[in-house]
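Novice: Sequence:
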Amino acid sequence: MTFGSDAPAPAGSGLKAAATTAAAPLATPASPPPAAAVKHTNNIQHTPEILQLREAYNVQRHRVADDEAAYAFDHVCRVNATQAECLANDVLLRLKQEDQELVFNGAGLQTGYGSQEHARFAGDHYLTNVSLIQKTKVLQAARKMPKGAHLHIHYNACLAPTVLLNLAAKMDRMFIMSSKKLLFGKEDPETGKMDGSMDDSNFFLSAISFSILAPEKERPGNLFSEEYKENQTMPFRQFLAEFPADKIGKSAMDWLAHKLVFSAEETYDIPQTAAGAWQRFNDRTKMMKGLFNYETAYREYTKLFLQDLLDDNIQYAEIRPNFMTNNQLWNDEGTKQVDNAGIVTIITDACDEFVARNAANFKAGVAGAKKNFDGIKIIYCTPRSFQRTQVRAALAECIEFKKRWPQYIAGFDLVGEEGQGKSLNFFVSEFLEFKENCKAEGLDIPFLFHCGETLSIGTSVDGNVVDALLLGAKRIGHGFALPRHPVVLERMKQRNVCVEVCPISNEVLGLTPRISGHAVYDLLARNFPCTVNSDNGTLFQSSLSHDFYQVLVGKADMGLYGWRQLAEWSLTHACFTTPDDLARARAHWLDEWQDFVLWLLREFDSANPETQAVLRELALAGDKTGVAKPAPVEADRSRL
Numbered sequence: 001m002t003f004g005s006d007a008p009a010p011a012g013s014g015l016k017a018a019a020t021t022a023a024a025p026l027a028t029p030a031s032p033p034p035a036a037a038v039k040h041t042n043n044i045q046h047t048p049e050i051l052q053l054r055e056a057y058n059v060q061r062h063r064v065a066d067d068e069a070a071y072a073f074d075h076v077c078r079v080n081a082t083q084a085e086c087l088a089n090d091v092l093l094r095l096k097q098e099d100q101e102l103v104f105n106g107a108g109l110q111t112g113y114g115s116q117e118h119a120r121f122a123g124d125h126y127l128t129n130v131s132l133i134q135k136t137k138v139l140q141a142a143r144k145m146p147k148g149a150h151l152h153i154h155y156n157a158c159l160a161p162t163v164l165l166n167l168a169a170k171m172d173r174m175f176i177m178s179s180k181k182l183l184f185g186k187e188d189p190e191t192g193k194m195d196g197s198m199d200d201s202n203f204f205l206s207a208i209s210f211s212i213l214a215p216e217k218e219r220p221g222n223l224f225s226e227e228y229k230e231n232q233t234m235p236f237r238q239f240l241a242e243f244p245a246d247k248i249g250k251s252a253m254d255w256l257a258h259k260l261v262f263s264a265e266e267t268y269d270i271p272q273t274a275a276g277a278w279q280r281f282n283d284r285t286k287m288m289k290g291l292f293n294y295e296t297a298y299r300e301y302t303k304l305f306l307q308d309l310l311d312d313n314i315q316y317a318e319i320r321p322n323f324m325t326n327n328q329l330w331n332d333e334g335t336k337q338v339d340n341a342g343i344v345t346i347i348t349d350a351c352d353e354f355v356a357r358n359a360a361n362f363k364a365g366v367a368g369a370k371k372n373f374d375g376i377k378i379i380y381c382t383p384r385s386f387q388r389t390q391v392r393a394a395l396a397e398c399i400e401f402k403k404r405w406p407q408y409i410a411g412f413d414l415v416g417e418e419g420q421g422k423s424l425n426f427f428v429s430e431f432l433e434f435k436e437n438c439k440a441e442g443l444d445i446p447f448l449f450h451c452g453e454t455l456s457i458g459t460s461v462d463g464n465v466v467d468a469l470l471l472g473a474k475r476i477g478h479g480f481a482l483p484r485h486p487v488v489l490e491r492m493k494q495r496n497v498c499v500e501v502c503p504i505s506n507e508v509l510g511l512t513p514r515i516s517g518h519a520v521y522d523l524l525a526r527n528f529p530c531t532v533n534s535d536n537g538t539l540f541q542s543s544l545s546h547d548f549y550q551v552l553v554g555k556a557d558m559g560l561y562g563w564r565q566l567a568e569w570s571l572t573h574a575c576f577t578t579p580d581d582l583a584r585a586r587a588h589w590l591d592e593w594q595d596f597v598l599w600l601l602r603e604f605d606s607a608n609p610e611t612q613a614v615l616r617e618l619a620l621a622g623d624k625t626g627v628a629k630p631a632p633v634e635a636d637r638s639r640l
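In UniProt numbering, the protein residues as written are 1 to 640.
What you were told as hints is all true, and nothing was included just to trick you.
No farther apart than 25 Å at their CA atoms in a straight line, the calculated lysine-lysine pairs in the BS3-like style are these:
id	residue 1	residue 2
1	Lys-135	Lys-555
2	Lys-286	Lys-250
3	Lys-286	Lys-422
4	Lys-371	Lys-629
5	Lys-435	Lys-474
6	Lys-370	Lys-624
7	Lys-217	Lys-286
8	Lys-303	Lys-371
9	Lys-336	Lys-289
10	Lys-286	Lys-170
11	Lys-493	Lys-474
12	Lys-624	Lys-371
13	Lys-259	Lys-289
14	Lys-259	Lys-180
15	Lys-229	Lys-289
16	Lys-229	Lys-247
17	Lys-186	Lys-250
18	Lys-193	Lys-180
19	Lys-247	Lys-259
20	Lys-336	Lys-170
21	Lys-186	Lys-259
No wet-lab data here; the hints were simulated from the structure.
Use the sequences and the hints to build the structure in full.
Specialist: Shown next, in the form of structure tokens:
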């Protein structure tokens, strides 16, 4: 070590004191060793002072981490978990790791642009992953999980596409239409003739629709003819018989089923936008509408939908059918319309019958029946593209329906593409009038508005969350834009508003490329109440189980406690008629949750000695109270 002339001499250094008459010449500093000669290591010996500072830093860091953990949305479930739930949480986290290793790593690499290779992982593009997800143990667990309430589900798009297609094929008066002739080649814009090439773009770009038609409403045409004109009608059975399956490579029914769902190629195409995805979405919902617009389909669909709720372990749902003055639900011959009240009657009668039948079947031990089912309610929906007079009439009809079916009408909503329809603010006068009318009638019909389903910033569409707040919405659908509105977010949280998040829908429709970028995690980080929903599962190749799967894998440390909180919020924020109805639903859910926790332990952790001991102890107790406890009052967070 070299010292300057004014530096004190270290003891024992052998240097003379400063009594010498001339200062010793300074030594030339040694040159640093070449970089290649330095051996880097993580083993560094720090001074006691630095070690003390690091210890103090660690204390502060643990304090911040503890405060964040206490603020976490699943904190209450975590700190009140039973030993069985703690073990089941470990199981679920382990299954996530095993799925990554066995399913995603085992699938090999994906080759991208420039032959760059990419590892497969849970939480990547949903439609790219969907075939792998089907093989995972986490999805198996998600299917078994009791999900509570499904609060955001559009009624015409919640079963597999083949359900309505198979029903349509049995109908004498079912017709199919297309925006384009279904021929190979490119169409000459002047003559309308095809050029004879094997270009198949018409098959992809054509907007297909269906309808039950009376004879006088036919506009005959053959979709496979050069002479076909847009939206001419062809008997569906004739279409099935003449479809060029040999050239397309799949049957007519397979082609139509694929036509109804989003593919990975179109969804993640580089030029694709939210607007482009919505164009494809609207074509598909138009296609679904015609398959759904006659009595036989509506009645059969309702029965199958209710059973599907049970099969996916959903105990209660609030469905969103569309109600319009010109709503087209026809009899099977296409000669007589069923009005909106008739539609509600079909749904409520089917539900009453199903609830009674399920209870009887469960008692008799029939497969598929469930012990606990709390039925459904209806959210009155009408298009946001309507005029004020139409929305006002819809609001009035909603009140009439609530008076006629008080146990079934849950609330009111406007539906349709948010960026293309009218803003909530456009209808504020009608909404305020509705609130006053409800007050005068002694009715509780909450607003359950779609809003914030947008990437637009600073537009009237983006402002819908403001109006939802001021109009007193009980829940909002999607709420993807809500984190961009800190004042609205905080006030909604104070008012206990809940967001119906739809993770897969938002990804497919262009709001986020992957689940990890979804706004739900911003909301959960603020402990904002959320529920998980499938939106239009038919079109997205998904069920509610798939959305619960996505939410779980999008956050590395989310496990059983997160699933529990999301399910319990779904019941808390549902539109149950009385507090007793809510208490009953919670008791039903807890019973199913206890069974689920036991299933996780027996199915995936039976070799663990600690799990074996817990299961023995629970068996000796003779009941399930030790498996999971009712949700307590939230812990004190006053120090945060």
